[in-house]
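Student: Protein sequence lines correspond, in order, to chains A and B.
The opening position of the first sequence corresponds to residue 1 in the numbering used here, with each subsequent residue numbered one higher.
The opening position of the second sequence corresponds to residue 205 in the numbering used here, with each subsequent residue numbered one higher.
Treat the hints with care, since some could be wrong.
In silico contact screen, one side only, chain B against chain A (beta carbon under 8 Å); selected entries [said to hold, decoys possible]:
#1 L355
#2 K358
#3 G361
#4 D393
#5 D397
#6 L400
#7 R401
#8 V404
#9 G418
#10 T422
#11 P423
Here are the computed distance ranges between Cβ atoms for each label pair [unchecked claim]:
#12 A/S140 x B/Q351: 39 to 47 Å
#13 B/G349 x A/E135: 41 to 49 Å
#14 A/D33 x B/G349: 27 to 35 Å
#15 A/G100 x B/A278: 40 to 48 Å
#16 B/P407 x A/L14: 16 to 24 Å
#17 A/A198 x B/G281: 40 to 48 Å
#18 B/A278 x A/A10: 20 to 28 Å
#19 B/E291 x A/G99: 34 to 42 Å
#20 A/A198 x B/G349: 18 to 26 Å
Covered stretches of chain B (in silico footprint by chain A; criterion: 3 or more residues with CB under 8 Å from a CB of chain A, positions within the stretch not fixed) [stated by the list, open to error]:
#21 290-300
#22 386-392
These aren't lab readings, by the way, just hints derived from the structure by calculation.
Don't be surprised by glycine CBs; every beta carbon is placed ideally from N, CA and C.
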Amino acid sequence: MRRAAVALAALVLLAAAVLTVLAAKRSGEPGTDSPEAGFARDMSAHHAQAVRMSFIVRERTRDEPVRLLAYDIITAQQAQIGMMTAWLDDWGLPKTDPGGRMRWMSGHHGGAHAPGSGADGAVMPGMATRTRLRELERASGRDAEIRYLRLMIAHHRGGVDMARAVLARTDRPEVRRLARTMVDGQQSEIALMNRMLAERGASA
Amino acid sequence: MSKSARTRARNQQRHKNLQNRGRSSRARNRKNALIKREVPWGGIVFFTVIGVVSAVAIAFAFLQTRGPSAAEAAISGVVEKEGLSREHTTGAVEYDTAPPMGGAHDPVWQNCDGRVYDRPLRDENAVHSLEHGAVWVTYRPGLAGDQLDRLKDKVDGTDYTMLSPYPGQDAPIALTAWGRQLMLQDASDARIDAFLRAYVKGPQTPEPGAACDGAKDTP
């Protein structure tokens, strides 16, 4: 009887402890100024440009390897935008930060806060300017492929830096998992794109 | 019997007596407890503490699951409109507000990736951008230069926004999302940031995940 009561008491205390820990964990969700939220917003915009560039090159060349690479980037990065958007939804956070881009990545000076920044749309590491995008839209065949590969190598390099930056700033498993896949996936694509440039007689 | 043996025997006897006395007093106490039916305060306190701790933990966990959405706090002055058509048409559409807050629109959206336009946009294209989760910032032509610069900086730094003049609108500045609109007098109004946080790709977006580039790039 006495032993049963002690066991019951221990069980209740354990349950209370578990609930408290769970609650504390929940209350530890990222805030709007957290690196996780900043990464989710900024990487979404960064990815969106990669999707755009990949669509452009698919319209500007018939070369199958380049078209397939572009297809790969479009589908993967668009899906990742959806994952990051879902995080912000789960955390109940705004999808934008009117305070400016890239504030979570200390040390990087984003163009957003500088009035009339003149960044021409290239507001994050590795992003292409609007001028470069227009040039890609006008190029065709081999010229378009080479332009695309060069722009996308720079784009991926910036993306890898951003993913590494969030890895250094977060313990959240879902963020770490996706950022890791970005680092690994984009690095291997950089190597592939360098080979593709060489095959087309161009340097990076 | 030596002296030391006698002492030992005496000590043993004393020890035995003490043991007996202890046993009998414990027996007395046990009897008293049965008769007096003492209130088990120890048990009551113990289980009360456990009960309170678990109740607090459960309540805390419950409250944590339903925290308020930061983005959804009410912004004073926002006008709402529901039941807007999402039909696609290449023809002209007559909208009942200026700027329009949604409704039938052109299949081609206006690029809204933090884009500053210096000429008025075609409503039918801009409405499609609202459907994609953009906030359209508009101003009455003639807005003071420093006011306009503030708006340009804000839009230039925020994805899924676009800026254009809108002749004939009721206030110097208007912010429009799908089904939501806020008229403002001043570009330094704090409600601008609040509106952007709430409605850029906000829960009112009819087509979440849709793009803000790749379509119409000029007014």
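Student: Against each hint, give a clear statement of whether it holds in the structure.
Tutor: Hint check results:
Violation of the interface hint for B/L355 is found here, the shortest Cβ-Cβ separation to chain A being roughly 11 Å, above the 8 Å cut-off. Look at B/K358: its Cβ gets to within about 6 Å of chain A, closer than 8 Å, so that hint holds up. For B/G361, the interface hint holds, since its Cβ comes within 8 Å of a Cβ in chain A; the closest pair sits about 3 Å apart. The closest approach between the C-beta of B/D393 and any C-beta of chain A is roughly 12 Å, which is over the 8 Å cut-off, so the hint fails.
For B/D397, the interface hint holds, the least distance from its beta-carbon to any beta-carbon of chain A being 4 Å, beneath 8 Å. Interface hint status for B/L400: upheld, as the beta-carbon distance to the closest one in chain A is roughly 5 Å, under 8 Å. For the restraint placing B/R401 at the interface with chain A, the shortest Cβ-Cβ distance is roughly 4 Å, inside the 8 Å limit, so the hint holds. Among the interface hints, the one on B/V404 holds; its C-beta lies about 4 Å from the nearest C-beta in chain A, closer than the 8 Å criterion.
Of the supplied interface hints, the one on B/G418 holds, with its beta-carbon coming within about 6 Å of a beta-carbon of chain A, less than 8 Å. Interface hint status for B/T422: violated, as the beta-carbon distance to the closest one in chain A is roughly 12 Å, over 8 Å. Among the interface hints, the one on B/P423 is violated; its C-beta lies about 16 Å from the nearest C-beta in chain A, farther than the 8 Å criterion. The beta-carbon spacing between A/S140 and B/Q351, approximately 43 Å, falls within the hinted interval of 39 to 47 Å.
The hinted range of 41 to 49 Å is not satisfied by B/G349 and A/E135, whose Cβ atoms lie roughly 32 Å apart. A hinted range of 27 to 35 Å holds for the C-beta pair A/D33 and B/G349, which are about 31 Å apart. For A/G100 and B/A278, the hinted distance range of 40 to 48 Å is not satisfied, since their beta carbons lie about 25 Å from each other. For B/P407 and A/L14, the hinted distance range of 16 to 24 Å is not satisfied, since their beta carbons lie about 39 Å from each other.
Between A/A198 and B/G281 the beta carbons are some 59 Å apart, a value that contradicts the proposed interval 40 to 48 Å. Roughly 47 Å separates the CB atoms of B/A278 and A/A10, a value that falls outside the hinted 20 to 28 Å. The hint said 34 to 42 Å for the Cβ distance between B/E291 and A/G99, and at roughly 37 Å that hint holds. Between A/A198 and B/G349, the C-beta spacing of about 51 Å breaks the proposed range 18 to 26 Å.
Only residues whose beta carbon comes within less than 8 Å of a beta carbon in chain A count, and the region 290-300 of chain B has 0; fewer than three means the coverage is violated. Under a criterion of three residues with beta carbons nearer than 8 Å to beta carbons of chain A, the stated coverage of the region 386-392 of chain B fails, only 0 such residues being counted.
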